[in-house]
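For the record, the sequence lines run as chains B, D, L and E.
Numbered as in this note's numbering, the first sequence ends at 365 without a single skipped number.
Numbered as in this note's numbering, the second sequence ends at 365 without a single skipped number.
Numbered as in this note's numbering, the third sequence ends at 338 without a single skipped number.
Numbered as in this note's numbering, the fourth sequence ends at 338 without a single skipped number.
These aren't lab readings, by the way, just hints derived from the structure by calculation.
Model, not experiment: these values are computed from the prediction.
Any given hint could turn out to be false.
Unchecked claim - Simulated pairs of lysine-lysine, DSS-like, Cα-Cα distance not exceeding 30 Å:
hint, chain 1, residue 1, chain 2, residue 2
1, E, Lys112, L, Lys307
2, L, Lys112, E, Lys307
3, D, Lys288, E, Lys35
4, E, Lys182, E, Lys307
5, L, Lys182, L, Lys35
6, L, Lys182, L, Lys307
7, L, Lys310, L, Lys182
8, E, Lys182, E, Lys35
9, L, Lys35, B, Lys288
10, L, Lys310, E, Lys112
11, E, Lys182, E, Lys310
12, E, Lys310, L, Lys112
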Amino acid sequence: MKAALLETLPGITPFVSLIGPDGHRDTTGAFADLVADIGPAELLALYRDMVIIRRIDTEATALQRQGELGLWPPLLGQEAAQIGSARALAPDDFVFASYRENGVAWVRGVAPTDLLVTWRGVAQSGWDPFIHRMATPQVIIGAQTLHATGYALGMQLAQSDSVAVTYFGDGATSEGDVSEALIFAASFAAPVVFFCQNNHWAISEPVRVQSHSAIVDRASGFGIPGIQVDGNDVLAVMAVTRSAIERARRGEGPTFIEAVTYRMGPHTTADDPTRYRPADELAEWAAKDPLARVAAYLRDAGVLDAGAEAEVTAAADAVAAELRAGCLAMSDLPSDALFDHVYAEPHPRIDEQRAEHEAYLRMFS
Amino acid sequence: MKAALLETLPGITPFVSLIGPDGHRDTTGAFADLVADIGPAELLALYRDMVIIRRIDTEATALQRQGELGLWPPLLGQEAAQIGSARALAPDDFVFASYRENGVAWVRGVAPTDLLVTWRGVAQSGWDPFIHRMATPQVIIGAQTLHATGYALGMQLAQSDSVAVTYFGDGATSEGDVSEALIFAASFAAPVVFFCQNNHWAISEPVRVQSHSAIVDRASGFGIPGIQVDGNDVLAVMAVTRSAIERARRGEGPTFIEAVTYRMGPHTTADDPTRYRPADELAEWAAKDPLARVAAYLRDAGVLDAGAEAEVTAAADAVAAELRAGCLAMSDLPSDALFDHVYAEPHPRIDEQRAEHEAYLRMFS
Amino acid sequence: MTAATLTMASAINAGLRRAMEDDDRVVVMGEDVGKLGGVYRVTQGLQETFGDRRVMDTPLAESGILGTAVGLAFAGYRPVCEIQFDGFIYPAFDQIVSQVARMHSRTRGAVKMPLTIRVPWGGGIGAAEHHSDSPEALFTHTSGLRVVSVSDPADAYAVIREAIVSDDPVLYFEPKRRYHVKGEVELDAAPSQVRAMDRARVVAHGTDVTLVAYGGLVQTALAAATAAQTEGISIEVIDLRSLSPIDFDTVTASVERTGRLVVVHEASQTGGLGAELSAAVTERCFYSLEHAPVRVTGFDIPFPPAKLEKFHLPDMDRILDGVERVLDRPNSLQDRGW
Amino acid sequence: MTAATLTMASAINAGLRRAMEDDDRVVVMGEDVGKLGGVYRVTQGLQETFGDRRVMDTPLAESGILGTAVGLAFAGYRPVCEIQFDGFIYPAFDQIVSQVARMHSRTRGAVKMPLTIRVPWGGGIGAAEHHSDSPEALFTHTSGLRVVSVSDPADAYAVIREAIVSDDPVLYFEPKRRYHVKGEVELDAAPSQVRAMDRARVVAHGTDVTLVAYGGLVQTALAAATAAQTEGISIEVIDLRSLSPIDFDTVTASVERTGRLVVVHEASQTGGLGAELSAAVTERCFYSLEHAPVRVTGFDIPFPPAKLEKFHLPDMDRILDGVERVLDRPNSLQDRGW
Ligand SMILES: Cc1ncc(C[n+]2csc(CCOP(=O)(O)OP(=O)(O)O)c2C)c(N)n1
Ligand SMILES: Cc1ncc(C[n+]2csc(CCOP(=O)(O)OP(=O)(O)O)c2C)c(N)n1
Ligand SMILES: [Mg+2]
Ligand SMILES: [Mg+2]
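Take the sequences, apply the hints, and build the full model.
What follows is the structure, given as structure tokens:
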């Protein structure tokens, strides 16, 4: 039945929405059925996730302003897209994301402090991809979509249940690698979900520079079902992601999800969006805030009273405090870490240069 | 009205056909109207073109077998796709093709012998792109589609009427460059026509390796109108190409044409298709031969009598004789041509190495 | 001759503006080059002046940028492409080495490729992964391309204009760490007709050692020369400027006097530009050399994380250690076999 | 130990087959590698034996091939990717230099990239444009990659198996002009555990000149050595085999005896492997050198059309001219300044 749902998709691109900005929840229809198990308590947990990652984002931004981080890519506004999708995955699925998916990393169990390793410049990555079943941030736009597709080919070959999920942006859809990933995925019917967060901007370029038609339409062109979902609706995002994951698990191949959302903040802390972004656009999207609508629903449902609100805030503050403490406690690697892991096996030039470096340091000691 | 025709296309992919394998001509409908001016006399001229390029192909293949050419990429079976499209262009339009478009080059006025320069290994290219308004053969699959798009951006900027037309294969559609070309063309509404000859094979790979759905569907995914045409029907190909060219000239942007045809010969003279291609497939397509159906129509129409047939054959033989003579008369470039044109402006290393080479040769004289 | 004090970023911006005024076939294209004016503001204000078709914000695809630039060159334009950061040039590698570099020779001179490819370049700014690469040697090994580097505002202004008027494709490397350094720039000079772009420049005269640097390390080399002076070592510093072709006349004239060569660059040592300089100078000056040419470079590792880059990038002390080495004075490697 | 006489192409095929039998994590992927068995038949018969998922005909996209291979490595596989011809590796350049080469260091050793990238390589076969490139120096300058070359069937068989068991990514360059040369191959040997892949090999002993070659030119170098003998010149020929890392122990041991080095390769001279060899050997053996190392290489031009390649590619006579040069005997360049 879910299958049927998606089989009908190529060409057509429904816009899936379950909780509107007003907090009203739509419980009818195929997608609503996919999240029938998500009651007020479960929604409160999703809300909690969103509050926490927004708080992580605020704290990390502050740490950058204070000179503790070199850079930070905020996810402000994209909480529902990231939490709704990540909470739809099984532990054994594998995520290949870009640099902005800190909310996804949170769900995958990455310690908040480990998120900062890259941006503090201590190391290029902060966690073991195999422990969290999530690759570390990919800076080369679009490259990770091919990695996810290849991983999915491997799972198919190994007859594993694991599904690959790749996150990328609206801008990324222009990179040849993303089209090639869709082509390989379609050719091999690989178990991979393409999750595009269309946050309307690629640094200073509005999405229309990349495409005049809906991003989701790309999918059908490659023979892949595409769904467009309200990316600020955590429940709708979870529903479409579940359907795509299940479809992949059933061996029916790749699905493309366009989560329509908005980058409320700057591209990174180095960016000044006022140079290119109309102020009213921001206001328009503020009204569609992904957290506010769930809070409204939860208040109506009576599960988000003052006590619960306080508990969530306290939890977020605790994570933020842990984040800050962890950041300040982080120590640099010794300089000869330069030569570690360049190769997995012995390499004479690396040994030679390590020795040169040590001899050089000895001159000063 | 033509406009209307194409405006309706995104998503939908009609299969345009005007002269079927039986030689019956359909004179009704929008596409038929686009070639109403092509009467028996004009069709005879198109037939003549097809006979001549098939003859060029046979002769060049023979020259390769005789060791006069290093390689030759036959177009056998694709005559209608190439002649029908090329004859739809204005002299001022500009073609960016791959290595197999010898029929297009013939129409652009390239001397048959000049087609052989590349394959005899005398030089990397055999003509001046600006004289024939056609770039020389592109070996890197798909790269030329971006060149065509960029050229079209230039024509748009210069407010010129000239349209860019790029030829590429079914396999090429998998290269990132081709997707990027479609994305750039759509983003800037560039006056470029994407002419894909789906000849069902990329060397040994059947088209389904590249795509499980119709190649033409790619276009709508990028927001570009796509038309699928019987690539073995010279008249239908001319009609759809005219409509796409006119659309571009009117400033309405790019169009994608999938000409469904078949590579009757080997990939190149170095290839042995019996290793991978089912024999019945060849038979099936032989029945759809692009020349036979036009000959049948012309005989019915009474313009292809024995005399006319003899004239066409004589013309083709004359071209073949010229081709062979020109090939055998072709002389190699002097060895210091190695250093010509590497740079447009003076370059000390080139001068130095040219001098070294000359000094070296002097040792033997 | 009006002169102005400009940062290197503003000097390049002024050069681009001037080139666009001088020739309306010059177009600027890349990611975020329009309204934003580039992440380093190098194209700031150009779109306001010249419009969004001569200053194009392109889709996010580097191969697309270079490939369409090739087509624009066919159409008679002179595209100036910005690659947003050094580490993002690789997706365009095929179009650069197989198309841009070969089109002129492929067509036996019929089709010129007067592209300028601007690359914010190198480390020293504490950036994230892929934002500090030094890929110049990949392009100096590619025939058909010219490769230039700049190190100060005056040079940046003069060279960008010469690169744009060049009928050959030019990779123009801009050391990010120098973007905000100010200097005097003569604004009215016409683009050099004497191929000044191809010449190296002696930026400090000396007699004991020839020290060749380029881009972001020229200043570091000058600082090393000054420091060495206090120890009585006289270093001649050469800013190589053009990386392809290399101005061997200037380099060998110096080495023939000093007998000692030190080459410094940020890029990894193996196969870096230092290898070509060392090999070619040894071929040309073997009997003048008192010591093997010394290379002081980045290590053979991917560019390290920000906190470690200071150990990877040659600094004044590492350059001075190389100078000691070429002079057979006490140095970090003296007890190594070679 | 069963031995067989095989062409180099069949030897690589046998090595691939053996590697796939030994380890079912080994998968082969590329364009036309399945039913056709590759345009040079190097993967012939593998799909019949191992099926179309372990021997994958991929869509026509090199970046896609390498990028999905990275994902397969994440999934625990050991992909062997075929790039159909040398000139078609550039579209995959970004995935190779930014992903394959850096993933292990990026993840601090967590993620290994045991890829083998097979590249039919070089000129001498009268091919069309883009079918005769020698891009090895682009990869030897890229940290994180290993680069090997083979020159005969026995070596090709041994090295392909070692490359596949290596936990590092390996570019495996196959000289096309040698595909059909036959030789004895020992088939039962287990893949070397002693990193034999990293070692250069002295293929002819000599005392006057060290001649370093690799890949398609090893045979040409041996022919030159034989010819030189008749003139009383004793040449030591080294097959470099591993291009990254370079086995300097073997090279310098020879140069310390001969005092003279000639390096030959097909690739353009500027920034080619000869530059690194010349620079590094000069650093390591300066006081043993009687003459500057000499480079005999392709010119700094795009690979020429078939009819002209014989003038571009080093042949026996050009190598001998280089030998004369390094011996200060009459040679083509004697009246040039250097
Ligand atoms: C290959 C490559 N080109 C350019 C960049 C520079 N860059 C970093 S982020 C970005 C915009 C990405 O936009 P989008 O894909 O929409 O993701 P978002 O930042 O909106 O999450 C660009 C151009 C890059 N990192 N990699
Ligand atoms: C970038 C690149 N990769 C691989 C090749 C090798 N190659 C030459 S033709 C070809 C198949 C092309 O198929 P298609 O695009 O359908 O064109 P056709 O040959 O059928 O006309 C391949 C893989 C190439 N020339 N360029
Ligand atoms: Mg975005
Ligand atoms: Mg084809």
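Starting from the hint list further up, note which numbers the structure goes against and sort them upward.
Violated hints: none at all, because every hint is consistent with the structure.
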